[in-house]
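Asker: Residue numbers (the numbering used here), protein chains in the order written: chain S, 4 to 112; chain H, 17 to 132.
Here are some of the chain H residues that sit facing chain S, going by a computed Cβ distance under 10 Å:
1) V20
2) Q53
3) G56
4) L57
5) G58
6) R60
7) K73
8) F106
9) Y122
10) G126
FYI, nobody ran anything at the bench for these hints, they're computed from the structure.
Quick caveat: nothing in here was measured; it's all calculated off a predicted structure.
Glycine included, every Cβ here is placed at the ideal spot set by N, Cα and C.
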Amino acid sequence: EDKVVQSPLSLVVHEGDTVTLNCSYEVTNFRSLLWYKQEKKAPTFLFMLTSSGIEKKSGRLSSILDKKELFSILNITATQTGDSAVYLCAVEGGNDMRFGAGTRLTVKP
Amino acid sequence: EAQVTQNPRYLITVTGKKLTVTCSQNMNHEYMSWYRQDPGLGLRQIYYSMNVEVTDKGDVPEGYKVSRKEKRNFPLILESPSPNQTSLYFCASSPSVTGPLRDTQYFGPGTRLTVL
Numbered sequence: 004e005d006k007v008v009q010s011p012l013s014l015v016v017h018e019g020d021t022v023t024l025n026c027s028y029e030v031t032n033f034r035s036l037l038w039y040k041q042e043k044k045a046p047t048f049l050f051m052l053t054s055s056g057i058e059k060k061s062g063r064l065s066s067i068l069d070k071k072e073l074f075s076i077l078n079i080t081a082t083q084t085g086d087s088a089v090y091l092c093a094v095e096g097g098n099d100m101r102f103g104a105g106t107r108l109t110v111k112p
Numbered sequence: 017e018a019q020v021t022q023n024p025r026y027l028i029t030v031t032g033k034k035l036t037v038t039c040s041q042n043m044n045h046e047y048m049s050w051y052r053q054d055p056g057l058g059l060r061q062i063y064y065s066m067n068v069e070v071t072d073k074g075d076v077p078e079g080y081k082v083s084r085k086e087k088r089n090f091p092l093i094l095e096s097p098s099p100n101q102t103s104l105y106f107c108a109s110s111p112s113v114t115g116p117l118r119d120t121q122y123f124g125p126g127t128r129l130t131v132l
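The shape of chain S in the complex, shown without the other chains (with noise of 0.2 Å):
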């Protein structure tokens, strides 16, 4: 059964320390992996990996994907009271999209 798997599951950071955040996945004919950000609100996209070893970065955010052993991190360096929120990660197998439950990030001052 396809499944992703995001972990860890929550995290307390304080600001300035840097987070790595997991996503493995188990998914029939791959497309695309995708990461949100999730405040009070909808999920606002992040990056959509599609190729190993190659890494998406936007200022402080980074992600890679690993196709071969089924992960992929979603990296925050500096971390800032703005970067709380749930981060999702998404596979895209087919025409459906599977989501993760989603890592809950707090950044304290």
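With chain S held as given, fit chain H onto it using these hints.
Answerer: The following block gives chain H in isolation, referenced to the frame of chain S:
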């Protein structure tokens, strides 16, 4: 403004009373989808539609119906709601069904449904 709208945003209802949550997008997107979000389970896809009159089941379609009579609208219908359908529901759309274009998936603001 390009957007996905959902109505209502909040709804409290009773078991067995049919309800419809509307979803509309103004971006001429082909692909539309409904998700439910529950604590610890993330978002789970209920149904999706690749174009007008084309709908398919997602992971958790039981107890739900959808229709896609027009490109812009994709209502979610609960014929006989039950308490286990209490959840936060999101509608989403994206421009195309070909290729990995889900990066441009736009989410609606969500509908919080409580079934008593």
